[in-house]
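Colleague: Fit chain B to the known structure of chain A by using the hints.
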Amino acid sequence: MSEASPKPAVIKMYAAREEIYPRETKGRYASLRWACVWLTQVVFYGLPWLTWNDRQAILFDLGARKFYIFGMVLWPQDFIYLAGLLIIAAWLLFLVTAVAGRVWCGFACPQTVYTEIFLWIERRIEGARSARIRLDRQPWSVDKLAKKSAKHLAWGVVALWTGITFVGYFAPMRTLMASITGLALGPWEWFWIGFYAFATYGNAGWMREQVCKYMCPYARFQSAMFDKDTLIVTYDSERGEPRGAAAPKQGKGDCIDCTLCVQVCPTGIDIRQGLQYECIGCAACVDACNGVMDKINLPRGLIRYSTDQAMQKHWSPKQILARVLRVRVLIYTTLLALVVAGFGASLALRTPLKLDVIRDRGSMGREVGDGLVENVYRLQVMNTGEKKHRFRIGVAGLDGIGIAEAQDIEMEGASTRAVPVRVQAKRGTLTAGSNQIVFSLSAIDEPSLQVQENAVFIVPK
Amino acid sequence: MADFTHGFWDFYIAIITLLSILGCGILLYAQSSHKVRPGEASDGTTGHVWDDDLTELNTPLPRWWMWLFYITIVFSLAYLVLYPGLGSYGGKLGWNSSGAYTEELGKAKAEYGPLFARYMSQDLETVAADPQAQAIGERLFMTYCAQCHGSDARGTKGFPDLTDKDWLYGGAPSIIKATIMKGRNGVMPPMGAAVGTDTDIENVAHYVKSLSGMSHDPIKTAFGKSKFAACIACHSAGGTGNEAMGAPNLADKVWLYGGSTETIMETIRKGRNATMPAFDEFLGEDKVHVLAAYVWSLSADKKVVAKK
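Residue numbers (my numbering), protein chains in the order written: chain A, 1 to 461; chain B, 1 to 308.
Wrong hints could be hidden among the right ones.
Said to hold, decoys possible - List of simulated lysine to any residue pairs, SDA-like, C-alpha gap at most 20 Å:
| no. | chain 1 | residue 1 | chain 2 | residue 2 |
| --- | --- | --- | --- | --- |
| 1 | A | K12 | B | Y257 |
| 2 | A | K12 | B | K35 |
| 3 | B | K157 | A | V459 |
| 4 | A | K26 | A | P299 |
| 5 | B | K253 | A | A184 |
| 6 | A | K387 | A | S434 |
| 7 | A | K12 | B | E56 |
| 8 | A | K12 | B | Y70 |
| 9 | A | K12 | B | H34 |
| 10 | A | K461 | B | Y257 |
| 11 | A | K66 | A | P299 |
| 12 | A | K12 | B | L57 |
These are computed hints drawn from the structure, not numbers from a lab.
The following block holds chain A by itself, in its conformation from the complex (with noise of 0.2 Å):
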């Protein structure tokens, strides 16, 4: 670049992305994570296979719109449970990440654990991080489409499965492998298990961290759920540097810069530079750090779980430990156990009878024989549990009312009927105008299992 004619420099605001090769980690996290990941694909992969009183123990089926979990049965109207759900996952993640940092995201996410699953796959067809480099650079050969045709069909194979599995919990399961098998499958039955076979093979082969790095956006608000009391992966700068291969005593610290903690990172950072917005807390460098420290004798925890309180003023694990009952997080404990409690109490004393009472709306109220008002309503007896029952209609709230003709209704587990009746009661002892009523439901066979809803009864003047 000459003075005369100063070329701009260009700065790119895109730019391709660096293929990270994470390399093997063994140690505590490293067995910590696999536990995650056999526990959380096990619960996945089996629980469609589960059969609970001859139907499949857990089964959304959104067509009937009734969604199977054990002995429960939901329907649209429990919607509520599912919004109760997700703020116990919102406060469970609060919580678990002013304690602990992202321990999800390293440990339970499924991007991590299907990640960690093809790269098990990866290195086990193309061998370690160096060998898995040097086949990249290599130009194309035999051998490497071999390598690489047998990765992405073994990822494709786990996709499959992944994508059915996920089907499954919407479809039946047995009877869905038997289209399958049949090549019977309705269009959106394929669309689905392709489309979620296709994010898997994406997300866990080819977008690995970008995932984490570009899409998710709890990394981005991380910080807000941060505070100097969480546990985060830190290096001890303190006592590692000034880094170098040099024996500690030549007046280098302990970070021998062997660089392990950086081949390890599945995101790709240098831990060393202090806590980056990348890091997904999987501590895959602590693991490193300490076989490295390891082998040559210096003691663990150059990088540890530690928080920023502690890092400056040198507290001992035991001292972490207390800091851990801070406001912040007794406010998160107690909100969340309010949740959870009113969720367990309010799923646990559910009736599964729903009633909703619908006054005809044709007619305010009409006199019929021996000075009887009459009132219609339209009654949308829900039997939402799965056991066939025999129900009663009552109302009471005025003197002297009743139903007229009134019929005991049989329903079938899990049904939905309209039953027309008629309100009738003495016009004698009523007030003109808008009178409160109460419908009841209850099941003959079983006394427990009733409803109530109010209603108006309407006396013309």
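Modeller: Chain B alone, transformed into the frame defined by chain A:
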């Protein structure tokens, strides 16, 4: 749409749409790189400066993000070619919402048509004995009839009770079907002038009440009898009505508008006007057929229905 808006707006909307898409593309291109001006520090920041000294470190997004943005532009252009979106241009695929509606309707007809066709081939009594047809009929009734006749089909003031055996136009299944198909216009003209004074009207009311055995004043009834002559053209001499023209039977205890003396007087004085709408075009004969069978079964002897 052309009925409501000037053709100018079609172009206006189309041009705004295209300019917006073009603008997005230009913005995307312009913002994908930043030229460092002479004298500006090339320090890895984006070059934006806020509040005097706040700068933004450039952390480049992966390039596929950018391509995703460009793909959305390509997608929107392709969409606008294929589907309606640019003013009055209808799109290459010729899709429109009324066409989609017709198609859905066609699908529903293809699915339920055979079922209704089977019922159409049966007479109404047979349909009424079919439990599935009854369930369909009940749902049709709840959707289209219950607003006026009530969920229990017992009607209300001005809207007949369908569960009794009293039928204005006759209760044979075929007549019920005709009523639903073509509707009815129940008109009673104001008879006040024809009957005479208020006293005359009251007397006739008492006479009418006497016909159905309700409490009445014998003297007023006697006076009213002669004045009833004005009514017999429709309601017949005995007051038993005329099904051919829908004139109600006055000798039973069924009162469409109320059976008190005041109400009967009001009816005589001002007349009545009621409309049952026609459902032939709205529902189609096949649905009306099932519906009529259901309505008939409401008042028909249960044993008669079951025997069929």
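Colleague: If you draw a straight line from the CA of K26/A to the CA of P299/A, is it 20 Å or shorter?
Modeller: 17 Å, holds
Colleague: Are K12/A and K35/B close enough, with their CA atoms no more than 20 Å apart?
Modeller: Holds. K12/A to K35/B sits at ~9 Å (cutoff 20 Å).
Colleague: For the pair we were handed, K12/A and Y70/B, check the Cα-Cα distance against 20 Å.
Modeller: 16 Å, holds
Colleague: Run the distance test for K253/B versus A184/A: straight-line Cα separation, threshold 20 Å.
Modeller: 63 Å, violated
Colleague: With a cut-off of 20 Å on the C-alpha distance, tell me whether K157/B and V459/A pass.
Modeller: 14 Å, holds
Colleague: Between K12/A and E56/B, is the straight-line Cα distance small enough, at 20 Å or below?
Modeller: Satisfied, since the Cα-Cα distance of roughly 14 Å is no more than 20 Å.
Colleague: Take a quick look at whether K66/A and P299/A sit within 20 Å of each other, Cα to Cα.
Modeller: 57 Å, violated
Colleague: Do the alpha carbons of K12/A and L57/B lie within 20 Å of each other, as the hint requires?
Modeller: 12 Å, holds
Colleague: Check the hint pairing K12/A with Y257/B against an upper bound of 20 Å on the C-alpha distance.
Modeller: 83 Å, violated
Colleague: Under the criterion that the straight-line Cα-Cα distance not exceed 20 Å, is the pair K461/A, Y257/B satisfied?
Modeller: 15 Å, holds
Colleague: CA of K387/A to CA of S434/A, is that 20 Å or under?
Modeller: Roughly 37 Å between the alpha carbons, so the hint for K387/A and S434/A is violated.
Colleague: Are the Cα positions of K12/A and H34/B separated by 20 Å at most?
Modeller: The hint holds at about 6 Å.
Violated hints, listed in ascending order, are 1, 5, 6 and 11; each of the other numbered hints is respected by the structure.
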